[in-house]
Amino acid sequence: MTTDADVIDTLVGITPGSPLDAIRARRPEARAHAQATYRALFAPSAPGELTTQERFAVGVFVAGLHDATAIASAYAGRLTDRGASAALKDAVDASISEARTRGPYGSYPAGPLSREDTEGPVFRVAASTRRALGPRLAAAFEHAHMLVFHPRDAAPAALQALLDAGWSTTEIVTLSQIVAFLSFQIRVIAGLRVLAAHPAPGEATP
Amino acid sequence: MSDTVQTVPAHTAPAAFTRAQLEWLPWLEPLAVDAMTERHRASLVDAARVKSPYFRLLARDPDALEARTRTDKDIFYNPDAGLPRAERELAAAATSRFNGCVYCASVHARHAATYSKREADVQRLLDAGVTADLGERWNAIVAASVALTATPSTFGPEHVERLRGAGLDDLAIADVIHAAAFFNWANRLMLSLGEPAATATTA
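In order, the protein sequences belong to chains A and B. According to the working numbering, the residues represented by the first sequence are 59 to 264, in order. According to the working numbering, the residues represented by the second sequence are 26 to 228, in order.
One or more hints might be untrue.
[What the hints assert, rightly or not] Here are some of the chain A residues that sit facing chain B, going by a computed Cβ distance under 8 Å:
(1) Pro105
(2) Ala132
(3) Thr232
(4) Phe242
No lab work stands behind these hints, which were simulated from the structure alone. We put the beta carbon where it would ideally sit given N, CA and C, even for glycine.
Extracted from the complex, chain B is given alone in its bound form (with noise of 0.2 Å):
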C-alpha cells in the first residue's frame, strides 16, 4: 500500500472570506464512486453527497461520517423552537470566521445571509471579522461562538446573561453552543483534509 498525498490541479485560491460559492479540492484520495460499498453509500446519508469528494474522503471511515452528519442534521434543520435556522447558521460562520475557514465561512454565511435577509451584516462579519457591529443580538451570538471556539474555551456565565439579555431562552443558547461546537469538528477537517479555490464560473 503507498498511500500518497494528492497533487491538486492548478486553481485560484479565494483572497479573502466570501460568500460566493467555491470548490474544494482533497489533499488526500476520496473513494472512488465505483468503488464504494453498500455501506459507504449509506453513511452519506444524502446520495447526492457521491459527488462531494469531501465525503467520499471522510465515507473512508463510514461509522464516523454517518453520526456527524445526523449530528450536524438535528442541530442546524430541527425546526423544533429553539434559536432561528439563520441564527444557528451565524453561529455556524462567525465560528469558521474565527477559525480562518474560508470554505466552511462560505457556506454558512451564504445560509445566514439567504434566512436572515441581512446580507450586508453577514457581508460585514466576513469583510471586519468577529468583532463587526451587527447589532445587539447577533453580537452576543458571535460573542458567545467566539469564546467557545478559542482554545482553552473562554465562555462564562457572562456569555449566557448576554444570549438571555438579547432575547435567547436556554433552548436557544444550547443551540447557540452546539452549532459552535459543531463547527469546531467541521472547520478542521475542512481546513486540514483539503483546500478552497475559486469556482471558475465566478466573475
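Isolated chain A (complex conformation) (with noise of 0.2 Å):
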C-alpha cells in the first residue's frame, strides 16, 4: 500500500474498467476526496507532534477492532515502514485482541431513550501492554476503542482523560478524524467487496 495509490480501490481489488471502477467514477470527488483524507490523516504535509507512527498505530488498532483482516494488514505493513519496533507492533496486535467486541452499544442520557440502553465493555490497557504503547497511545486506543463500539458513552471526561495524557486540542481533533474516517473508509471497503463479488444477474464481468 502505496501513499498514492487509491486505498480503497486497492482493498476492494477495482481494476480500471471493472463494473465497480464505473460506479466509483460516477461519484468521483467523493473518490478524490475519500483518498485526499487518507492522506492528510497519515501522510499529512506537516505531521506535527502526532507522528506518523502513532497515526498507524491507531490506523491498525482500529482496523483490528473491525475484523478487517486485509485492511489491518495494510495498516500494519505501513506501521512497520515508519520504523515501529517489534514491541510496539506486539502491543497494537495485543490491544486489539484484548479489546475485540462488537457494537454499536451505550447509553443516553437519562430519560425516554434510557430504555435502549445497551451494556457492553469499557476498554483499559492492560498495564503490561501500557508500557509498550507509552501513555499517550494507551489513552488514544482507549478513546479509539469507545469511539468504534460505543460512541454515545462519549462524555467531556474521555477528553480531558486524553488532555491529562498529553494529547493537546489540535491533536484530539486529528485523532478523532483519523478513527472516524477509517469507521466509513472500512464500510465503504466492506460494502464495496460485497457489490463487486455479487454482480447484478446478467452483467458480464470483463
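Each chain sits in its own coordinate frame; assemble them with the hints.
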C-alpha cells in the first residue's frame, strides 16, 4: 500500500474498466477526497506532534477492532515502514485481542431513551501493554475503542483523559478524525467488496 | 499550553430523537473567528460555516476537514442518477438512529422528510427505531445501513439482493453504502466532541 495508490480501490480490488470502477467514477469527488482525507491524516504535510507512527498504530488498532483483516494488514505494513519496534507492533496486536467486541452499544442521557441503553465493556489497556504503548497511545486506544464500539457513551471526561495523557486540543481533533474516517473507509471497503462479489444477474464481468 | 475541556452553558438536552432544529455545544475550544488563517477559512468550503462551532473546531485540522466536507457533498448532493436524495438522507438518518447520534439524526431526518414528503414514516424511524416498518424499499435501505453500521459489519449478499429486489441498481446500492459509511464518520465526531441542546426557541 503506497501513499498515492487509492486505498479503497486497492483493498476492494477495483481494476480499471471494472463495473465498480465505473460506479466509483460517477462520484469522482467522493472518490478523490476519501483518498485526500487518507493523505491528510496519514501522510500530512506537517504531522506536528502527532507522529505518523502513532497515526498508523491507531489505524491498525481500529481496523483490527472491525475484524477487517486485510485492511489491518495494510495499515500494519505502513506502521512497519515507519520504523515501529517489534514491541510496539506486539502491543498493538495484544490490544486488539483484548479490546475486540461488538457494537454499537452504550447509554443515553437519563430520560425516555434510557430504555434503549445497552451494556457493553469499557476498554482499559492492560498494564503490561501500556508500558510498550506509552501513555499517549494507551489513552488514544482507550478513546478509539469507545468511538468504534460505543460512541454514544462519549463525555467530556474522555477528552480530559486524552488531555491528561499529553494530547492537545488540535491533536484530539486529528485523532478523532482518524478513528471516524477509518470507520467510514472500512465500511466502504466492506460494502463495495460484497457488491463486487455479487454482480447483478446478466451483468458480465469483463 | 494548557488546553482544557470546555464547560457547556446550562441547556436542555433533547429527551428523544427529533426532527426539530437543535444546537450543538462543543466540549473542546473551536478556533476563534478572528484567529482563523486563510487556510482555516478555506477548509470550511462554505464560508457561512464560520458561524458553526462544530466546523470551527474541526478546522484545527484543515486538510482533514476540507477533504471530509468534499467527500460528504458528493455522496449526498451529486445529482447524477443513483439513489434519490431523500433515500441518501434516509440512510444517514437510519445510521445516526442506530449509533445513537441525536444531533445527526435530527438534521438528516429533517432532510429525508423534506425530500420524500413522508414525514410520518421518517418520524416512525425516529420514534420506534431502525426496526420500524417503513415499506419494503425503505426497510431494505434501513436494514442495509444498519448492517453496515454494526461493528464488525454484518452487511452481506442478502442485503445487496434485497436492495436489488426493491428496485435499486448498483450505483444506487453504492450510494446506500457510501451514505451509511459516511455517517459512521460524522456520528463519531458529533457524539464525541460535543453535545446537542434543544434550542431556546423550540416549544
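A quick look at each hint next to the structure:
Below 8 Å, beta-carbon pairs count as interface contacts, and proline 105 of chain A has none with chain B, the closest being about 11 Å; its hint is therefore violated. The criterion of a C-beta within 8 Å of any C-beta in chain B is not met by alanine 132 of chain A, whose closest approach is roughly 17 Å, and the hint is violated. Here the hint on threonine 232 of chain A is kept, as its CB sits about 5 Å from the closest CB of chain B, short of 8 Å. Checking phenylalanine 242 of chain A against chain B by beta carbon gives a least distance of about 4 Å; that is within 8 Å, so the hint holds.
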